[in-house]
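Trainee: Spelled out, the chains give:
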Amino acid sequence: MISESVVELSRWQFAITAMYHFLFVPLTLGLSFLLAIMESVYVMTGKQIYRDMTKFWGKLFGINFALGVTTGLTMEFQFGTNWAYYSHYVGDVFGAPLAIEGLVAFFLESTMIGLFFFGWDRLSKVQHLAVTWLVALGSNFSALWILIANGWMQNPVGAYFNFETMRMEMDSFAEVLLNPVAQVKFVHTVSAGYVTGAIFVLAVSSYFMLRNRDIPFARRSFAIASAFGLASAISVIVLGDESGYEVGEVQKVKLAAIEAEWDTHPAPAAFTVVGLPNEETMTTDYALKIPGALGLIATRSLDEEVTGIKDLVAHAEDRIRNGIVAYGLLEKLRNGEDTPENRAAFSKVSVDLGYGLLLKRYTQAVVDATEEQIKLAARDTIPQVAPMFWTFRVMVGAGFTMLLLFVLAFYYTAKRKAYQTRWLQWFALLSLPLPWIASEMGWFVAEFGRQPWAIGEILPTYVATSHLTETDLWMSLAGFIGLYTLFLVIEIYLMVKYIRKGPSALQTGRYHFEQNTATQGA
Amino acid sequence: MFDYETLRLVWWLLVGVLLIGFAIADGMDLGTAMMIPVLGKTDTERRVIINTIGPHWDGNQVWLITAGGAIFAAWPLVYATAFSGFYWAMLLVLFALFFRPVGFEYRSKKDSVAWRRNWDYALAVGSFVPSLVFGVAFGNLFLGVPFYFDEFTRPIYTGSFWALLNPFAIVCGLASVVMLALQGATWLQMRAGGEVQGRAQTMATLLGPVLTVLLAVAGAWLYYGIPGYEISSTVVGDAPSNPLSKTVTTTDNWFGNYTDYPILWTLVAASVALPLLTSLMAKAGKSGFAFTLSSLAIAAIILMTGFTLFPFVMPSSTDLASALTLWDATSSELTLEIMFWVALFFVPIILGYTLWGYYKMWRRIEPEFIEQNSVSNY
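Residue numbers (this note's numbering), protein chains in the order written: chain A, 154 to 675; chain B, 5 to 382.
Since the hints were derived computationally from the structure, they do not count as laboratory data.
Accuracy of the hints is not assured; some may be wrong.
Claimed, not checked - Derived contacts from chain B toward chain A, CB cut-off under 8 Å, selection only: (1) L18; (2) V19; (3) L98; (4) P159; (5) M343; (6) F344.
To be verified - Straight line, CA to CA, 25 Å or less: simulated SDA-like cross-link-like pairs of lysine to any residue: (7) A/K654 - B/R121; (8) B/K113 - B/A277; (9) A/K654 - A/G632; (10) A/K513 - B/D154; (11) B/K113 - A/T638; (12) B/K114 - A/V426; (13) B/K290 - B/A277; (14) B/K113 - A/W273; (15) A/K570 - A/V549.
Note that the structure is a prediction, hence the values are computed from the model and not measured.
C-beta: ideal position from N, C-alpha, C; glycine also.
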């Protein structure tokens with residue numbers, strides 16, 4: 154039997170290290186494009202201030218990027234160290250996009266980033282600009298391949314189970330690439346990254362303006378960020394993940410949990426704005442609903458139903474019963490009864506093998522599972538509703554607040570009033586945490602909502618771990634938390650230090666702290 | 005284009021290529037960074053050392069990440085078994101590597117003696133530990149790793165972390181450290197200016213013979229004192245990947261392949277001779293030749309290791325049949341084929357822009373250059 158606490162601790166470790174990694178990724182995605190835009194303006198206009206902007210924001214980019222790389226290493230190792238059975242079971246499919254990410258994207262990004270920082274005097278203007286664009290492209294390609302891998306965990310297409318090798322094997326690379334869940338995830342995630350970069354530049358520029366220093370520098374940065382941010386925020390919301398929630402069983406379950414849709418209602422379903430989801434009674438207390446809105450958002454139609462949780466559980470139960478048959482046949486096939494009849498019978502039910510494996514949490518003898526165990530396993534297929542319901546709403550709330558900020562920032566920039574509008578600058582500065590809150594909540598919804606599966610409908614998280622002890626896990630978890638906390642403290646310290654200095658940190662002699670007069674107006 | 009059997013062989017070579025790429029490129033900056041406190045006495049000298057690899061360490065490190073990813077994609081069973089079995093060794097590598105990106109990026113961002121000194125040691129330890137552990141891990145492959153598979157091919161490791169630190173594996177670990185330090189020393193001799201250049205030359209002159217001695221010790225130990233493994237059933241090169249479908253026996257030593265293919269002794273000769281030649285060139289002040297020879301030494305040593313183990317990737321000491329070989333631990337034919345084309349297309353492109361980056365940044369880093377560009381340098 155696999156220890157329940159090893160599974161729990163492995164999940165905690167993955168969740169903590171992944172969410173930590175994602176503190177740094179979105180800023181890299183967004184800021185790299187902003188740097189490329191700023192430097193493009195420099196190359197086109199020849200104005201020194203845009204070069205300084207690229208260099209100053211580049212310094213902050215570097216401080217952030219170092220921790221992105223550091224925490225990214227963990228992500229590459231951790232499938233093997235802590236999820237060995239997962240690695241064996243799906244490595245044939247899941248490993249490919251990860252390896253391609255290294256070859257196609259991360260090499261490019263990392264090689265070019267060295268040239269970005271050190272190549273200012275060694276490369277021609279155009280060469281350096283090309284390098285900066287390649288950093289941005291590299292980081293975005295990187296996100297593409299990682300999200301193809303992640304999309305496959307949510308909606309595992311293009312693969313089948315091979316009983317001889319006891320694992321999933323790829324049968325269509327094209328399907329893995331063009332997985333609709335991966336595609337919407339990619340667009341949604343990189344747009345969220347652009348928003349993060351834009352909010353960061355907007356907030357820090359507002360800080361300079363509130364302090365009345367380096368106004369020309371801050372104004373130009375603010376203007377670029379507000380335009381880039383507005384476009385990105387619209388794309389995050391319009392191209393939201395919602396459209397991906399109708400593909401595949403796991404996504405349907407996720408949608409039902411996010412919306413606390415206990416029952417299947419006639420189309421189009423109502424959208425619950427707020428309420429208190431109650432797991433015991435399977436109802437949402439004090440629900441405030443907008444008629445028809447959910448059906449419209451989720452299915453993009455008026456006549457398609459959104460399946461409710463109760464029906465999803467019943468459906469899962471059927472599949473578990475099928476899964477038991479599949480598991481029984483698999484045991485026969487692997488224990489010398491490799492007959493054409495068994496093969497044929499297995500191929501009919503093998504899609505439900507994963508549902509059979511859900512019973513492993515309750516019994517080793519899957520074929521002899523009791524009714525009660527089947528019911529428990531079926532109930533497991535629905536993630537806890539309340540955390541899903543709330544994190545999703547926090548994410549959406551943060552998203553719309555940021556959209557409002559960008560609309561205002563863009564409007565006041567266009568009217569050339571942004572640098573005098575104090576309340577707007579305060580709004581921007583105080584919005585600084587929002588993109589991080591939204592991203593972390595978004596990943597929580599995506600990954601907590603995938604439970605109990607490591608690979609949707611294929612491999613339960615419970616059986617996916619490595620053969621480790623509880624002590625191993627406690628110690629490694631302590632190591633990660635300790636080191637990551639140390640690094641985060643140092644990172645924030647340096648960020649604050651360089652933001653306080655502002656562009657004077659470049660020591661060009663042109664900025665606030667290097668001038669004799671106290672403040673330089675616009 | 006290729007059949008499954010050929011693809012498996014090609015992927016064994018490709019993993020070798022990625023490991024050699026890692027050891028040459030990232031090994032250079034691991035070796036360089038582990039010697040920061042030894043070769044640099046003043047802050048400026050240390051910055052000279054760090055800035056020779058400043059524009060390159062980040063790209064170089066991707067060799068490691070890509071090698072890890074490629075093993076995941078091409079040899080999922082190896083990735084699963086090795087990474088989980090060597091749990092604490094891998095985490096030690098990981099925790100040590102953490103200090104490099106932050107160390108390089110943060111060290112010179114604050115003007116404080118204590119801050120910078122702490123980062124210098126963090127960088128040195130963060131580079132020394134992985135170099136040691138990689139060698140220790142390879143040493144343990146020759147001894148056999150205690151793991152087996154259960155009926156559903158779940159890898160179960162039965163050893164402990166401390167058992168990895170046996171005398172033979174430690175000799176291999178030291179050889180790995182010295183190999184990468186030699187690579188770093190020749191790099192610094194070629195690219196650093198001021199006092200550092202001379203010290204790096206001395207270091208490069210000393211380390212070659214040390215590496216040869218360590219390799220000779222490990223080789224003799226392997227020849228006389230360590231039993232080998234061989235597949236005792238017929239190898240079916242295109243069978244589905246199931247390690248348990250073969251049988252394995254132990255042999256007198258690991259040199260069976262050398263009896264069958266005496267040509268392999270040239271790799272042994274190269275592995276022993278190239279470090280010595282590297283030191284001779286370093287002593288003569290021909291740092292470019294020294295660096296090239298050191299890189300060739302790395303390639304020879306890794307190829308020698310691979311061909312000695314061939315066709316094993318990870319033998320098991322607990323359950324001989326569970327051993328992972330290049331024939332039965334791979335991905336499916338389709339995945340190997342797709343990944344082959346991706347690698348074939350992108351590795352030359354990677355080499356192209358990497359070399360362009362080195363070409364553009366090529367100069368000797370003099371102390372004056374560091375002092376005049378204090379803000380923009382590491």
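Trainee: Indicate, hint by hint, whether the structure satisfies it.
Mentor: Do the hints match the structure? See the list:
| no. | hint | verdict |
| --- | --- | --- |
| 1 | L18 | violated, 11 Å |
| 2 | V19 | violated, 11 Å |
| 3 | L98 | holds, 5 Å |
| 4 | P159 | holds, 6 Å |
| 5 | M343 | holds, 6 Å |
| 6 | F344 | violated, 11 Å |
| 7 | A/K654 - B/R121 | holds, 24 Å |
| 8 | B/K113 - B/A277 | violated, 43 Å |
| 9 | A/K654 - A/G632 | violated, 33 Å |
| 10 | A/K513 - B/D154 | holds, 15 Å |
| 11 | B/K113 - A/T638 | holds, 19 Å |
| 12 | B/K114 - A/V426 | violated, 49 Å |
| 13 | B/K290 - B/A277 | holds, 17 Å |
| 14 | B/K113 - A/W273 | holds, 19 Å |
| 15 | A/K570 - A/V549 | violated, 29 Å |
Hints 1, 2, 6, 8, 9, 12, 15 from the earlier list are contradicted by this structure; the remaining hints agree with it.
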